[in-house]
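Q: Just so you know, the sequences run in chain order X and W.
Letter by letter, the first sequence follows residues -8 to 316 in my numbering.
Letter by letter, the second sequence follows residues 5 to 325 in my numbering.
Keep in mind that the hints were calculated from the coordinates and are not lab data.
Keep in mind that this is a model prediction, so the values were computed, not measured.
Among the hints, erroneous ones may be present.
[Said to hold, decoys possible] Facing chain X, from chain W, some residues (calculated, C-beta under 10 angstroms):
| hint | residue |
| --- | --- |
| 1 | LYS107 |
| 2 | SER116 |
| 3 | GLY117 |
| 4 | PRO121 |
| 5 | GLY142 |
| 6 | ASN152 |
| 7 | ILE165 |
| 8 | TYR179 |
| 9 | THR285 |
| 10 | ALA289 |
[To be verified] DSS-like mimics (lysine-lysine), calculated; alpha carbons at most 27 angstroms apart, straight line:
| hint | chain 1 | residue 1 | chain 2 | residue 2 |
| --- | --- | --- | --- | --- |
| 11 | X | LYS38 | W | LYS134 |
| 12 | X | LYS91 | X | LYS101 |
| 13 | W | LYS134 | X | LYS101 |
| 14 | X | LYS101 | W | LYS279 |
| 15 | X | LYS213 | X | LYS165 |
| 16 | W | LYS134 | X | LYS91 |
| 17 | W | LYS279 | X | LYS38 |
| 18 | W | LYS265 | W | LYS279 |
| 19 | W | LYS167 | W | LYS137 |
Yeah, the Cβ is synthetic: ideal placement off N, Cα and C, and Gly gets one too.
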Amino acid sequence: MRELTYVEATLEALDSAMARDPSIFVVGEGIGERGGNFNTTVGLYDKYGPERLCDTPISERGFVGMCAGAAMTGTRPVVDFMFLDFILDAFGELVNQIAKMQYMSSGRLKMPILLRGAIGIGHSAATHHSGSYYPIFAHIPGFRVVVPAIPSDAKGLFATALQSDDPVLFLEHKSLLFNRGDVPEGDYAIPFGQARMAREGSDCTVVAIGSMVDKSVAVCDKLAEDGISAEVIDPRTIAPLDMATILESVSKTGRLLIVDETFQPCGVGAEIAAQVIDEGFDDLDAPIRRLNGAHVPTPYSPPLELAIVPETNDIEQSIRNLLAE
Amino acid sequence: MAQSEQLLSLYRQMLIIRYTEEQLARSHQMGLIHGACHTYVGEEAIATGVCAHLRPDDAVFSTHRGHGHALAKGVSPREVVAELFGRATGCSQGRGGSMHLFKPEVGMMGTSGIVGPCILQATGAGYSFKLLKTDQVGVAFFGDGAVNNGAFHEGLNLASIWKLPTLFVCENNMYATEVPFAYSAGNPHVGNRGPAYGMESLTVDGNDVLAVYEAAEEAVRRARGGEGPTLIECRTYRTRAHAEGMRDGGYRTPEEVEEWKARDPITRYNEWLLKNEEAGTETLAEIEAEVKEMVADAEEFARNSPWPEADTVSEHVFNQG
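Here chain X stands alone, though its shape is the one from the complex:
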């Protein structure tokens, strides 16, 4: 199978969908001729022109609200935020309008809008270019929240997002964008709400999100040399969340660690832990543990930045501690 980068994989899905569906258009800063700050739209401007690859002013609330109106009137907007942090200027449009429109209209309006942006900590991007924020969106009824970890998933989930009539947040960790991986040719779609078994094991379950998936798999491969058999589950979508796969794994292993770069309080790990306690309490042989990035704004200086992100040695130690409980 041929290899593509994560970004090339989503670009392939976007190009294919735009060729089929003339109602799809992309807005964002520098996504036209420039092809996107992260190469998310390279080559599309020449194919589809300025109305479908629409460069915007720095006007996030404006173009997000505008795309809400477009999605209500027969087109399918893709909002490319570059850095997801910029979405916060449009938070009211997202929560009060986009997430609620189908409900308020009793399902007579659809909201086919795809909102994508780069998330995560790295490269001294500092605190206005390092946010993830997906737990906030997963908290709100009405959003689909997608956090792919590998190129083939990025392509298949992007294709699903482009067919969805619900608003989708498609969040791409910056450290993954130029990772290469096997990606099938042709069109395919991966349904939302189906986790991926990233590594099978029997001693403990590790639920890892986004950039933490490959790191966790690498750690578990190393731990196998010591006879430790850890299972790694990549939920792929935070909303909907595939709890069935997680519960099934915990029923097998009895131990659960959730590894997530973003904040712990009121986070995805807290939600998963609560649901496992509700539905799988008797399967647990140890307390559920969480490993998260520090609950602080993202600092700039490299040693400070490194200190807030879960690294492979943190993941390894957390798994060893969990197995010792």
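Could you slot chain W onto chain X? The hints should help.
A: What follows is chain W alone, placed relative to chain X:
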């Protein structure tokens, strides 16, 4: 200039709004309306004059004071009153109430409890229509309060740079709730702000239905013809409180209210029709009686309508196919 039949249609439409609003005010006092109720009394000429030029496939985006827009866009009084009564037969099937009136089938794309977003959404409808190469238009109705909101600046700029088929209709009733526009805006005019965005703009007497009608006719013609957006400031006044049940004093004088009541758009238009012999008193009385009957029927329909089933409460959070 509108034809005779159209002239009477404008009169009838303003009455539908006025009588429905007066019915809603009475129903609110009787406890039949469960949430807020912001009436459009005094401002009827604006929705009427603009929507007279719109087709069902044109898209209207409105505000918290949106009953008049819904009615003028073709939502029936039955569906509006039933929605405010919280009934399953309401235009939003009881999920919305006064501030979330939806009927996309006739291009009523929602009233809103948040000031500003309608400006952006009408811009987006304009983007859709341009991309799909139709001659539909998007229309935002909003108050003077929204003019001080960032959505006004961003929406007008986006509509201007892409020459979108959008109308921005500002209903300047002089107060954002109870805060005077004269206090809250460094520039007390709205109709002269178009040039700041490279856009056509004008100010009209919002209590003169024919003035609004003519301004909107030209703006809709330009939008359908690919000539871009227009900002229309309509100077008007709401003669009831901000919301039913609220006190209505301290921020404006009784004299000011009376002065504007004397400029009531319906009375003025009635007098104009008679003076210009476009209609006789008998014809106008027939219209009044017919509309009164329609509104009484709407109230009865709403009162006798079923409540929504509680077990449907989680439906439509997501698309159900």
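Q: Of the numbered hints stated earlier in the document, which are not met by this structure?
A: Going through the list in order, the structure violates hints 6, 8, 9, 10, 14 and 17 and respects the others.
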